[in-house]
Amino acid sequence: MGIAFGLISGSFPSEKYVRNSISLSCGNLKYYSKFADSKRVKKSMYRDFGTIFIFIFLGIVLVYVPLLIQKLVAPSNPNPDKLATYECGEESEGSAWVQFNIRFYVVALIFLIFDVEVVFLFPWAVVFNELGMLAFVEMAIFLIILLIGLAYVWKKSDLDWVKYNVKYGRGRYASLIEKPKPVQES
Amino acid sequence: MVDIVFWIIVGITIGSAFMVVQSKSLLYSAYALLFTFVGVTGLYVFLWADFLAVVQIVVYVGGILVLIIFGIMLTNKITSVNISHASVQKGIGGVVVLGIIGVLGYMVFITPWNQLAATEPEQTSATIGRLLMMDYLLPFEVASLLLLGALIAATTLSRKEN
Amino acid sequence: MDLLGFIIILVKVLVVFAATMITVMGMIYAERRVSAFMQGRLGPNRVGPKGLLQPIADGIKFFMKEDLIPSGADKPIFILAPAILLIPALMTFAVIPFGSSITIFGREIALQVADVNVGILYILALTSIGVYGIVLAGWSSNSKYSLLGGLRSSAQLISYELAMGLAVVSIILLAGSLRLNDIIADQQGYFLSWNVFKQPLAFIIFLVAVYAETNRLPFDLTEAEQELVGGYHTEYSSLKFAMFFLAEYANMITAAALTVTLFFGGWDVPLLDESSLGLLGAILSVLSFILKMAFFLFLFIWVRWTFPRFRYDQLMRLGWKVLLPLALVNIFLTGGYLTLTAMK
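Chains as they are written, first to last, in my numbering: chain A, 181 to 366; chain B, 57 to 218; chain C, 603 to 946.
Calculated directly from the structure, the hints in this document are not laboratory data.
Since the structure is predicted, the reported quantities are computational estimates derived from the model, not experimental observations.
Each hint should be verified, as a subset may be incorrect.
[Stated by the list, open to error] Here are the simulated lysine-lysine pairs, DSS-like style, with alpha carbons at most 27 Å apart:
1) C:Lys800 x C:Lys923
2) C:Lys923 x A:Lys335
3) C:Lys663 x C:Lys652
4) C:Lys677 x A:Lys251
5) C:Lys677 x B:Lys80
6) C:Lys667 x C:Lys677
7) C:Lys652 x C:Lys667
8) A:Lys251 x C:Lys663
9) C:Lys800 x A:Lys262
10) A:Lys262 x C:Lys667
11) B:Lys80 x B:Lys146
12) A:Lys262 x A:Lys251
13) C:Lys667 x A:Lys251
14) A:Lys262 x C:Lys663
15) C:Lys663 x C:Lys677
16) A:Lys336 x C:Lys923
Here chain A stands alone, though its shape is the one from the complex (with noise of 0.2 Å):
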């Protein structure tokens, strides 16, 4: 864990401070000794994750422990009807798979597309100050493409969990028949 201990010191780009301590226009003196408190501190990436692997360690100890203890606390005598599956007091019917609405998968596959996409976001907007109006233009090519892709699952009802039955009551029919009801599927 400390091999790489305090390899690296804090990253701080001068420019960025400077161009706050405009922007912000008061309070620069403050600004200024704070910041540079926090760049003495040293910084390893291997000492910031083993920190967290010792997190992910006491949380195993913390979920499990209990529970073996609660072993040995706690009475145990299950009988059938105890361990039944819950159905509000009625015997339990069928079995828990029961066919699930599409829905469910396309809105998964909407979300990966964009998930991708807010990632590229992330290092964009961390060097956006930097190189200013080129990546601006640049990251606007690409989220105008993909607001095509998002126009377009809008346009085919993707997005609505309730579909109107679209073909119901158009054109010279529509003011001769009522407002059609939402068809729920499930």
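Position chains B and C against the provided structure of chain A, taking the given hints into account.
Relative to the frame of chain A, chains B and C by itself:
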């Protein structure tokens, strides 16, 4: 200390990957895949690629794995069909696997690896951003086209035909 | 590796763990008490003075109850699920700075457990692992309510994760770093330098998304009592149920802390230079962090008794058709504004 942690993570990665292949139930495989991805994240951290490490979790665990599990769960009448991927032709498979391991191992040992000095990068995310915006601009923009294509194709396929 | 550094890290980890647990207990008490006051009741007031020891009594009771695993359940995954939900919920707090810094033994100690360079993405990543615990719990219980609750919840979480991530991007545009410390440093100064004033739209999107991510009303469709009994944890009993409960409250605490860090200057005390005051400054900064966090925790309870629950299609519409486009527009606006000011 670092070594112990490293081997623990390697153990988790390979062990769970073995579970993915070996498990008789598809859902168990998908769940074991979670630990494989988390293990790979740990390996990324050892390579000082912290940005990639967290992106690995955001995209693979948060997106792809959820998609896989939804896919399995949405498959109709999954209990009546015995979902398993039992292996067939173990003999031939074993020979092929051993052959591939031999070739790959040989390649690993004969390759003159280019060793870089181990210095911790300053800010990986900023470097990645700079590279994406300057050097690899075209692939980056093409990636958005690829994502658009994937989005349209996937939603079209999953739409119910009337 | 120096021993002192290691001990300091260990102490910090333990302190944060303990603090989270105590806050969770306090929050459980506050939730019941404040809810009661909002409805003109008294709430728990028998155990200890003003009922303050109620959470401890509840905890002991959870321990002494029989732990049931339904016969149809998938045992290993049934036991694994609470851990997968609870551990990431506790781990998120590792990267949040809760104060400036103190000096002990001539060594400066930052009041933060792990200063990860990609802090904000780390939190988003852990949120996405949490989704997984819910699906596991829902599936392994082999109950219809659990499965439906798990599926609903995962679809809800992924939908709002996008809006949350995009709202955060506009903050990063201002700060130019993924480190939470840099984001706080970017907000130092007077009140108006806090991000909530620079990015009001992002704040609203983020706040709504956070309520959906923590499964709180008005977005608690995953455990909608009237239709799904208890949602994904219907079949869980005794200590395992307590773990789901803990995870939910731990998530709320992290959400409040993250809101404070991203939009309200973190531990920053307005108009005050904490570092020049030494230990007093550090204490003030921690107090300011706790106060701001307490407000957002209170807001969670307040909102719970103010808004009715959404319908599922409304929830999806809000996430995909309102928050997502708004967040994208906000990024465009922020980027455009920054470009224009840089050109001048």
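These are the hints, each one checked on the structure:
no., hint, result
1, C:Lys800 x C:Lys923, "holds, 24 Å"
2, C:Lys923 x A:Lys335, "holds, 11 Å"
3, C:Lys663 x C:Lys652, "holds, 19 Å"
4, C:Lys677 x A:Lys251, "holds, 15 Å"
5, C:Lys677 x B:Lys80, "holds, 16 Å"
6, C:Lys667 x C:Lys677, "holds, 19 Å"
7, C:Lys652 x C:Lys667, "holds, 25 Å"
8, A:Lys251 x C:Lys663, "holds, 14 Å"
9, C:Lys800 x A:Lys262, "violated, 56 Å"
10, A:Lys262 x C:Lys667, "holds, 13 Å"
11, B:Lys80 x B:Lys146, "holds, 15 Å"
12, A:Lys262 x A:Lys251, "holds, 17 Å"
13, C:Lys667 x A:Lys251, "holds, 10 Å"
14, A:Lys262 x C:Lys663, "holds, 19 Å"
15, C:Lys663 x C:Lys677, "holds, 24 Å"
16, A:Lys336 x C:Lys923, "holds, 13 Å"
The structure does not agree with numbered hint 9 stated previously, though it agrees with all others.
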